[in-house]
Amino acid sequence: MRKEDLVALRDVSFTLDKGERLGIVGESGAGKSVAAFSILNLISKPGYISGGEIRFDGKDLTRLSLQEMSEIRGNRISMIFQDPMMTLNPVLTIGTQMTEALHAHQQISKEEARQRAIDSLAEVHIPSAATRIDQYPHELSGGMRQRVVIAIALITKPPLIIADEPTTALDVTIQAEIMDLLMELCNSSGVGLILITHDLGVISQMTERAIVMYAGRIVEEGDTKDIINNARHPYTHGLMGALPQKTTPGQRLNQIKGGMPPLNEIPKGCAFNPRCPLVDDICRTTRPDYTTMGSTRVACHKALSEES
Amino acid sequence: MFAFFVRRLAQAALVMFVISVIAFSIQDNLGDPLREMVGQSVSEEERQALRDKMGLNDPFFVQYWRFLKNALQGDLGTSYFFKRPAVDVILDKLPATLELVFGASLIIIVFSVPIGVFAAINPRHWFSKFAMAVSTVGISIPVFLTAIMSIYIFSVELGWLPSFGRGETVEIFGGWTTGFLTWDGLVHLILPCIALSSIMLPLFIRLIRAEMLEVLESEYVKFAWAKGLSPKRVWFVHALKNTLLPVITVGGVQIGTLIAFTILTETVFQWPGMGFLFLEAVNRVDTPLIIAYLIVVGLIFVVTNTIVDLVYGLVNPTVKLARPHGGDG
Amino acid sequence: MVAVKWQQFMESAFYHDFRRDKIAITSFVIMCIYVVACYAAPLIAPYNPYDPTIIDIMDSEIPPMWLDGGNSRFLLGTDAQGRDLFSTILYGTRISLTIGICAVLLQGVLGISLGLISGYFGGRVDSFLMRLADIQLSFSTLMVAIIFLAVFQALFGTELYERLAILMLILVIGIAEWPQYARTVRASVLAEKKKEYVDAVRVVGLRPVRIMFRHILPNTLSPILVISTVQVANAIVSEAALSFLGLGMPVSKPSLGSLINSGFEFIFSGSWWITIIPGIVLIVLVLVMNLLGDFLRDVLNPKLYKN
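Chains as they are written, first to last, in the working numbering: chain A, 5 to 312; chain B, 44 to 372; chain C, 175 to 481.
By construction, these hints were calculated from the structure, which means they are not laboratory data.
Note that CB positions come from ideal geometry on N, CA and C, so glycine has one too.
Any given hint might turn out to be false.
According to the in silico footprint, chain A covers these stretches of chain B (three or more CB under 8 Å from chain A) [to be verified]:
{"id": "1", "region": "266-273"}
{"id": "2", "region": "284-290"}
{"id": "3", "region": "304-311"}
The calculated BS3-like cross-link candidates involving lysine-lysine, where the alpha carbons are at most 27 Å apart (straight line), are [said to hold, decoys possible]:
{"id": "4", "chain 1": "A", "residue 1": "K49", "chain 2": "B", "residue 2": "K172"}
{"id": "5", "chain 1": "A", "residue 1": "K49", "chain 2": "A", "residue 2": "K114"}
{"id": "6", "chain 1": "C", "residue 1": "K196", "chain 2": "A", "residue 2": "K49"}
{"id": "7", "chain 1": "A", "residue 1": "K161", "chain 2": "B", "residue 2": "K275"}
{"id": "8", "chain 1": "A", "residue 1": "K114", "chain 2": "B", "residue 2": "K172"}
{"id": "9", "chain 1": "A", "residue 1": "K22", "chain 2": "B", "residue 2": "K265"}
{"id": "10", "chain 1": "B", "residue 1": "K126", "chain 2": "B", "residue 2": "K136"}
{"id": "11", "chain 1": "A", "residue 1": "K272", "chain 2": "A", "residue 2": "K229"}
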């Protein structure tokens with residue numbers, strides 16, 4: 005590491021089986037997106053990966069050349085970005101932006117690529133795909149654009165997709181549609197999914213396993229149902245309390261007090277200690293190690309047992 | 044497309060109208076055709092009679108209408124000095140100026156795009172730093188000083204290149220003379236074209252680099268990387284086109300400045316173009332020629348700006364040509 | 175009071191950045207030397223170039239001191255009329271700088287007022303003013319200035335023109351460049367208008383003029399500061415170009431541009447210094463101002479108007 009660097013991620017390690025769906029949850033600034041973008045080495049400058057390894061299909065992705073990485077990107081691992089209004093290039097047609105992904109990874113004729121693109125658009129339920137393909141992004145609504153982005157991600161039939169908050173920029177009514185579509189496509193083609201979100205509700209519907217992140221660290225990891233039903237970490241508890249459906253109507257949402265610390269002000273000991281309702285002396289001095297409790301792994305001195 | 048064209052045309056007509064009013068006011072105040080036609084010996088009564096006959100005592104609007112009608116027929120009066128129709132005199136000099144502008148534009152385009160793009164892609168490369176440093180110095184040297192210094196170095200001291208005139212030209216069609224087809228003509232073009240481009244080139248290098256840097260940070264470029272595209276495709280298909288869109292707009296605005304700079308360049312190199320002619324006309328108070336220059340230059344501005352707008356509309360899919368200037372969306 | 179402000183300034187991030195930037199410091203020092211030297215010209219200059227009685231035509235075209243034929247009486251040599259080049263340059267720089275600064279003040283007053291009006295009232299006023307700005311910009315300042323001055327000169331004759339030259343140059347450059355300020359200020363006003371405090375003071379019942387000058391204007395200061403530096407440089411270049419064309423300062427009271435013009439024909443006979451030395455003085459002046467402008471832009475990082 006270089007001098008004056010700020011650490012965005014520390015000790016983040018997780019595994020994902022073929023076709024598995026994993027959720028990464030946390031507030032903004034927790035490092036979810038950085039973790040996701042690190043996988044394909046797409047972190048914005050001046051950020052960089054200072055150490056660790058990311059293994060995929062037996063290869064360490066952090067050691068690949070740009071050339072080798074390009075063969076993984078969009079081909080073996082695809083990404084879906086947050087804001088579909090910004091993700092598509094305004095001056096290229098939908099068709100160009102779809103077929104170029106195919107041409108980059110496969111020997112395929114122009115006609116065939118175009119047909120694949122049309123099929124792909126139909127798969128994400130875009131009506132009259134054959135005419136849409138020649139349009140420009142600005143002619144499509146936000147929801148439609150995100151469908152196009154999903155179609156691009158799936159067009160090469162990758163085994164894994166990373167979706168970075170794919171619905172936060174969309175209207176509430178469209179959010180559910182997009183999530184359903186993503187779920188449907190993952191199920192039908194057996195694609196693995198890493199879903200990044202700040203919404204535990206989405207995680208519980210979409211994923212089999214979940215990771216809760218706080219201030220660049222994993223604080224809790226395990227089967228989604230265990231995390232939802234039996235959260236061990238006070239932070240996860242806090243996130244659950246902030247869900248609208250967990251609150252009696254008319255009451256205020258149970259927000260966790262305070263906010264995520266900036267990278268240069270992460271507190272000593274457990275990073276969550278200033279906001280934690282269960283904080284103790286040890287939390288202020290010693291960073292907690294991971295303990296395994298049932299299916300979950302949790303980093304907390306005061307990890308809640310099942311009864312609490 | 045049609046609606047866009049009509050609107051653009053209307054705007055162009057409005058600008059030309061304003062120019063014509065200015066031109067006419069100049070003529071009204073500056074030119075005394077009588078002084079040119081008759082000597083001092085003519086009596087005041089005779090003068091008045093002549094004025095009436097020529098319509099010089101008509102109301103402003105009537106006179107302007109007459110001026111406009113003549114102007115539309117290409118008649119802007121007769122140059123006092125050359126004793127020829129002013130429009131003809133100007134048009135004779137047009138090829139020289141346009142070739143100068145063409146040569147300079149060529150230099151600007153050929154160098155600014157690759158250098159600007161390279162500097163954005165490799166910001167830490169020594170060449171990028173060098174190019175940016177040279178550009179900063181470059182935009183600080185006024186055009187006429189570049190011209191003078193290049194004459195001093197390459198003509199006076201080294202004696203490599205000629206310092207004035209167009210050299211040998213050939214006529215290609217309809218009275219258009221070109222210096223591009225003879226060796227002598229080309230050699231004469233080198234210094235003036237470099238001088239004329241000397242301030243715009245660094246300006247565009249800086250502009251293209253800045254725009255490209257911004258585009259490279261955009262989400263859609265990041266998404267293009269995430270698709271596993273080759274760097275060439277990301278840079279030259281995804282980023283470059285978005286970079287050049289604002290550059291086209293600035294280019295349109297800078298055409299006016301470029302033509303103003305031709306006056307400076309032509310003065311230093313005694314280049315027989317419109318700008319040089321214009322300054323001579325000013326010194327001789329040759330009103331019809333001043334007016335003809337105004338109108339011809341105005342036309343060039345309006346036409347090139349319209350073309351630039353059209354090109355921008357064609358290149359940028361988010362501009363619906365039916366709805367010009369429809370905001371930033 | 176002043177001491178407190180000074181203390182605040184010394185501790186500010188701005189000053190911290192400035193101290194770390196060698197180019198900015200160098201530019202600032204050179205800039206200061208220019209200002210002091212040219213405004214103290216009557217004290218520093220060995221000769222008064224405006225005094226025809228001390229000019230001897232026999233002294234013409236003497237090269238700078240360090241060259242063959244140089245004369246220790248004339249540090250940088252003499253021009254074609256026998257004036258001491260060093261003194262003439264000092265006085266000429268003073269004229270160039272004065273015109274540049276005054277023209278930019280005029281631009282600022284015009285542009286800031288029109289920009290505030292345009293941004294604050296919006297609607298038709300706004301679209302009219304901005305369209306006007308577009309058209310004027312597309313015609314280029316220099317073109318407008320050249321035509322205006324050319325016509326003026328033809329209209330009133332060279333003699334009257336020479337007497338009014340400084341005023342005319344300030345007016346023409348000042349008026350022709352207002353759109354730069356207007357657009358920048360308008361953009362800032364639009365951004366500021368959205369903020370709550372403007373609504374708050376409006377609710378309190380302050381008049382628009384008061385809101386604009388007391389509350390919005392202070393928040394547009396950093397973009398104004400950034401463009402002002404570059405605008406002074408541009409104004410100096412415009413003045414030099416106009417004077418070079420013979421449409422600016424007369425040779426009897428030369429600015430840097432007219433000095434360059436007067437020496438131009440002599441480079442062919444070898445007397446390069448009459449043109450090249452004032453040329454270098456002009457380039458360095460413009461360069462340091464552009465560098466300071468770059469520094470200010472990078473540090474203050476305002477949202478400048480973009481085309």
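What hint numbers does the structure not satisfy?
3, 5, 8, 11
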